[in-house]
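Enquirer: If you want the building blocks of each chain, they are given just below.
Protein chains: 2
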Amino acid sequence: MTVAAVVQANPATPAPLRARRALIDTYQQPVVYMRSDCAVCRAEGFEAQAQVEVAANGREVLAILHRVDAQWLGRDEAALSEAAWEWLALQGGEAVTVRHAPLLESLKFVRAKVYDRKLDYPSMRALIDDVSRGRVSDLHLAAFVTACAGGRLDQDETVALTRAMVDVGERIRWSHSPVMDKHCVGGLPGNRTTPIVVAIVAACGVVMPKTSSRAITSPAGTADTMETLAPVTLDIATMRRVVEREGGCIAWGGAARLSPADDMLIRVERPLDLDSEAQLVASVLSKKVAAGSERVLIDLPVGPTAKVRSSAAAQSLAASLGAVGAAVGLQVQVLQTDGLQPVGRGIGPALEAFDVLAVLQRHADAPQDLRQRALALAGALLEMAGRAVPGAGLALATRTLDGGQALAKFIAICNAQGGLREPPRAAHREVVAATIAGRVGAIDNRRLARAAKLAGAPRDPAAGATLLVRLGDTVAAGQPLLTLHAQAPGELAYALAFVHGQSPVIAIDPP
Amino acid sequence: MTVAAVVQANPATPAPLRARRALIDTYQQPVVYMRSDCAVCRAEGFEAQAQVEVAANGREVLAILHRVDAQWLGRDEAALSEAAWEWLALQGGEAVTVRHAPLLESLKFVRAKVYDRKLDYPSMRALIDDVSRGRVSDLHLAAFVTACAGGRLDQDETVALTRAMVDVGERIRWSHSPVMDKHCVGGLPGNRTTPIVVAIVAACGVVMPKTSSRAITSPAGTADTMETLAPVTLDIATMRRVVEREGGCIAWGGAARLSPADDMLIRVERPLDLDSEAQLVASVLSKKVAAGSERVLIDLPVGPTAKVRSSAAAQSLAASLGAVGAAVGLQVQVLQTDGLQPVGRGIGPALEAFDVLAVLQRHADAPQDLRQRALALAGALLEMAGRAVPGAGLALATRTLDGGQALAKFIAICNAQGGLREPPRAAHREVVAATIAGRVGAIDNRRLARAAKLAGAPRDPAAGATLLVRLGDTVAAGQPLLTLHAQAPGELAYALAFVHGQSPVIAIDPP
Chain W
1 MTVAAVVQAN PATPAPLRAR RALIDTYQQP VVYMRSDCAV CRAEGFEAQA QVEVAANGRE
61 VLAILHRVDA QWLGRDEAAL SEAAWEWLAL QGGEAVTVRH APLLESLKFV RAKVYDRKLD
121 YPSMRALIDD VSRGRVSDLH LAAFVTACAG GRLDQDETVA LTRAMVDVGE RIRWSHSPVM
181 DKHCVGGLPG NRTTPIVVAI VAACGVVMPK TSSRAITSPA GTADTMETLA PVTLDIATMR
241 RVVEREGGCI AWGGAARLSP ADDMLIRVER PLDLDSEAQL VASVLSKKVA AGSERVLIDL
301 PVGPTAKVRS SAAAQSLAAS LGAVGAAVGL QVQVLQTDGL QPVGRGIGPA LEAFDVLAVL
361 QRHADAPQDL RQRALALAGA LLEMAGRAVP GAGLALATRT LDGGQALAKF IAICNAQGGL
421 REPPRAAHRE VVAATIAGRV GAIDNRRLAR AAKLAGAPRD PAAGATLLVR LGDTVAAGQP
481 LLTLHAQAPG ELAYALAFVH GQSPVIAIDP P
Chain V
1 MTVAAVVQAN PATPAPLRAR RALIDTYQQP VVYMRSDCAV CRAEGFEAQA QVEVAANGRE
61 VLAILHRVDA QWLGRDEAAL SEAAWEWLAL QGGEAVTVRH APLLESLKFV RAKVYDRKLD
121 YPSMRALIDD VSRGRVSDLH LAAFVTACAG GRLDQDETVA LTRAMVDVGE RIRWSHSPVM
181 DKHCVGGLPG NRTTPIVVAI VAACGVVMPK TSSRAITSPA GTADTMETLA PVTLDIATMR
241 RVVEREGGCI AWGGAARLSP ADDMLIRVER PLDLDSEAQL VASVLSKKVA AGSERVLIDL
301 PVGPTAKVRS SAAAQSLAAS LGAVGAAVGL QVQVLQTDGL QPVGRGIGPA LEAFDVLAVL
361 QRHADAPQDL RQRALALAGA LLEMAGRAVP GAGLALATRT LDGGQALAKF IAICNAQGGL
421 REPPRAAHRE VVAATIAGRV GAIDNRRLAR AAKLAGAPRD PAAGATLLVR LGDTVAAGQP
481 LLTLHAQAPG ELAYALAFVH GQSPVIAIDP P
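Those protein sequence lines, which keep their order, are chains W and V.
Residue numbering for the first sequence follows my numbering, beginning at 1 and increasing consecutively.
Residue numbering for the second sequence follows my numbering, beginning at 1 and increasing consecutively.
So here's chain W without its partners, still in its complex pose (with noise of 0.2 Å):
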C-alpha cells in the first residue's frame, strides 16, 4: 500500500457547506455556525469555540467556530455572524469550506514580546499583516497588547510598529505642501475643536483633509458629531474631489482603510482597558502618515479624570509622539491643554454640533471654552504651516472667525461632502438638579461621559448631556446642573439611576 493511493482514496475535504446568514450580531468577532452532526464539523473533528478558517467568495476569514444542535440550522449550511457574512461579502448560497486555522507564523513574535524579547521592522510586519487580516484572535491581541503595556516598547518597537501600521493599509498622497492635521489624545467629552479648527485653517488657504474616527469609548467621536451636520462616509476619490475645491474635509476616517490594524488592536484594548503609551503614538501616528499628514498639531488635555492624567504622564507622551513621529517623516507639536472639565455644553453627537455650530455662528451665548480652545489651535496649525509667523497665528484665527469666513466655508466644506443638515433633537429630556447649595467643586468627565452613553450616545446621535454648570460656578438648591437626552424613556431612566449613583458625577461643596 502506498500512502498516496489512500490519500486519493480518502479525500480529507468533504463537501462545502452552503452560506447562510445567521442574523447573529458578535460586534466584530467573527462566528461562524455550523451543526455538530455535519460532515464538516465530524471529519475534521472540530471543537466548539476553535479557531477555524472559513473561505468563500475568493476570501477567507479567521473564525470561531460554535456547534449548533438546534433545527434553524441545516446540516449542509455554515451560517455566519454580521462580521464573517461583511468580510467575505456573501449573498447567501456560497459554497462555504472551513478548515483548522492554519498555525501563524507570526504568533512567534507574540510569544518572543511576552517574554520581553525586543521586535524588529520584518517582525511587526509579518505580525502587524495577519492582525490587520484579521488572522490573530482577540487572544493572541490581547496577549500581545499586554506584553506591551507597561512600557515594555522602546522607542525602536513603537517606530516599527507604527511603520507597520501605516504599511499594511492605504496611503494616501496629496498635491499640496505642506499637509496639516490635528489630533486631540481623547478623554475630555465635548471637545469637538475638529470642525472649527479645519473651517479655519482651510479659510486661510492651508491645506487640512482630516479624518477622524467614530466613538470607541467615549460618547461620540468627532465623525459622530460631524455626521450630524454632513455625510462624512467618503471615500478616498470624493475626500480627494472635497479638498481640492475647498482645502480641507472632515471625513470618517474608517472608510480609508487607513492603518486597518490599529481597529483591530482597539478592539482589545478597549475591553482590557490598558492605555500603553507605545500603542497610544503608534495609533495616533500611524493613522496621521497613512492619512498624507505632514505635520501634526497634537492636543493634549491633562486633568485627573481625562485619559492623561499628570503632567509628567504628559511630558513622556509628549517626547514619545515628537520623536516617534521625527522618525516616521511627522513633525509633531504637543499643546497641553486643560483636562479638568468638559468642553463646551453638549456631549453627545448632535448636542456637540450644536455648540460647534453656536461658535462658527459666533452667537452670543457660544461656549467660550470650545471658541478658545478652537482658535488656540487654528493659531498654532497656522504657524506651523507658514502661513502666519510665531506669535500671530491666534490674531489670524481670530479674525478668520470673527469674519465670517470660517462658516462660510465649514458650509463650502459640508456641502462639498454631500450638503450640509440640521443635527436631530432627541425625544425625551429630564434636568438634573443640584440637591444642596454650594459651589461646583468638580466635574468627573468619566462618568459624565458614561452618563452620555447610557441615555443611548453615540448610537442614538441625538442623545446625550447638556452641562449647565462649570467648575467654580455657585449654585442653589434645585438648581439644574445638566440635562440628560435620549431617545428612549427607558434610557433616560437607565442614565438618571447612574447620575444619582455612588460617586457624583458633579461634586457640589458645601458653602
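In case anyone wonders, no lab produced these hints; they're calculated from the structure.
Bear in mind that the values here come from a model prediction, so they are computed numbers and not experimental data.
For each residue, glycine too, the CB sits at the ideal point set by N, CA and C.
The reader is advised that the hints may include incorrect statements.
Here are the in silico distance ranges between beta carbons for each label pair [as the list claims (entries may be wrong)]: (1) Pro-489/W / Asp-154/V: 52 to 60 Å; (2) Ile-436/V / Arg-173/W: 55 to 63 Å; (3) Asp-275/V / Ser-316/W: 42 to 50 Å; (4) Ser-36/V / Arg-75/W: 43 to 51 Å; (5) Arg-75/W / Arg-59/V: 30 to 38 Å; (6) Ala-442/V / Pro-102/W: 52 to 60 Å; (7) Gln-91/V / Gln-155/W: 54 to 62 Å; (8) Arg-21/V / Arg-173/W: 28 to 36 Å; (9) Pro-489/W / Trp-72/V: 48 to 56 Å; (10) Asn-57/V / Arg-270/W: 26 to 34 Å.
Model the placement of chain V on the given structure of chain W, informed by the hints.
Expert: Only chain V this time, still in chain W's reference frame:
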C-alpha cells in the same frame, strides 16, 4: 421636580426575559442571545459582544451578548449557550435578567500585574475567586496569564497563587497518612504509568487516591485512558468508599470541584500556548493540595520535543515545585525521566489502556519502557511513603508487579469504581510505512500527538496511533512505522495527510 420621583416614574429595569436553550455549544464561553429589538437590549443600550451578567434561578454568570435578528428567537426570550445553560442549571422558561457586567474590583490586580507590580495573597485570592466564579472574561484572563509569563511571578507570588487556587475550591481530607500522589508534567505521548503505579503502591498497603485530568492538548489524559477500563466520574463520597476499601483509586479530578480556577486559566493558556513556569507549578500543586495529598512524586520527562526541553529548565522547574510545595505543606520529589520518545506503543485512550493491561498482566510483549518507568516511579513512592527503605523501593515494586498482586489490586479498584471493562477498538486502521531504508533518527512527540488527535483521540477513545518502532531501530523501505486508528474514514485520511506533511513525524536517517 425631585430626582427620586423621576427614577420611580421610569423604572430602570424592564420586565425579565424567558430562558430558552439556544442549543449552541460555545465550549466554556457563556453566551446569551437576545433580539436586538427586545426591550432589555434597547433600554440597556447593549452592544454586541458586551459583557453582561445573566441572572436566573438564583444564580448568575458573566456572559457575552450576541444580538440576534433572526426569527427563531422571540423578543421576550433570552437564549443561553450550553455553558451558560448548565452554569445556571436551567430547565427553560425561567425568568432571566440581564444587566451590564458589574465592574470587577479584582481587575485592578490584573492591571497591577501587567504593570509588573507584585501581588500578595489577598490580591491573588480576590482575583482567583472571581476567576473561579466565571466572572473574568477570556480577554482579561489572557492579559493575566501573559503578565505572569516570562518569569514575572516570583516565588512568593507563586505560593500566593497556589494557595488562592486551593482556597476557592473544595478540599478533600483523608483519614490515613501519608497520602501519596504522583503527577507527570505532560508532553510525552503514551506515558500512561499512573494505573500501574497506583496498583503497585496500593497493593503494598500505601494509600494513593489518584485524581487525574482529561486531555487538554494531548491525545489522551489519564482519566480518558482509565475510562476505557472503568468508570472514573466519581464524586468525593464514592472516591472515599473506593479508597477505604482498596487503598487507591484512579478517578477523574474534574468531577470534584478541586482548584476550579485552574480549568479557567487553562482555557486561555491552551490557545495562547504559554507554559509559564509559575502557572504550571500553581496548577499542579493546587490540584494536589486540594485532593488531600501529602507527598507527591513528579515525573518530569525532558527532551527536545517534550514539554520541558532542557535539563536547565527541568532543574529550575524542580526547584520551584519543591519550594512552593514546601510552602503549601506538600513534600515534593521530582524524577527527571527520558523524554526523547513516546512511552509504550499506543497513543490514544484505548490504545494506551492496552499497553497498561499488557504490563499488569505481564505479557511477554508488554512494552518494557512503560514497565520500567512505572516500576521506577512506584519504587520511589514506596520509599517516600516509608514502606521501603531507601534503595529497596524498586525491588518491592517489581516483586508486587511480577507476583500478580498489582494486577489483582487493579482489578479490585476497577470493580470498586463500577466494574472493569474492555477498551474499544477502532473501525478503521492504516499503516504508515517507511519510504526509505535506514535508522530511526528522531520521533517528533508533538507531531505524533497531533496525528493521533486528528485521527479522533481523545473524543473517540478507540482512535489514535500505535508506534511500531523505537529510536535507533533499523528499518527497511516499506516497513511499517506506525498504525493510525480512527472511527471515521475522513479522520483517518486527515491524520494520514498530516503524517505525510512537511516535516516527518518519524525521521529515518539513510544508512
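Enquirer: To test your reading of the hints: which numbers does this structure violate?
Expert: Violated: hints 3, 4, 6, 8, 9.
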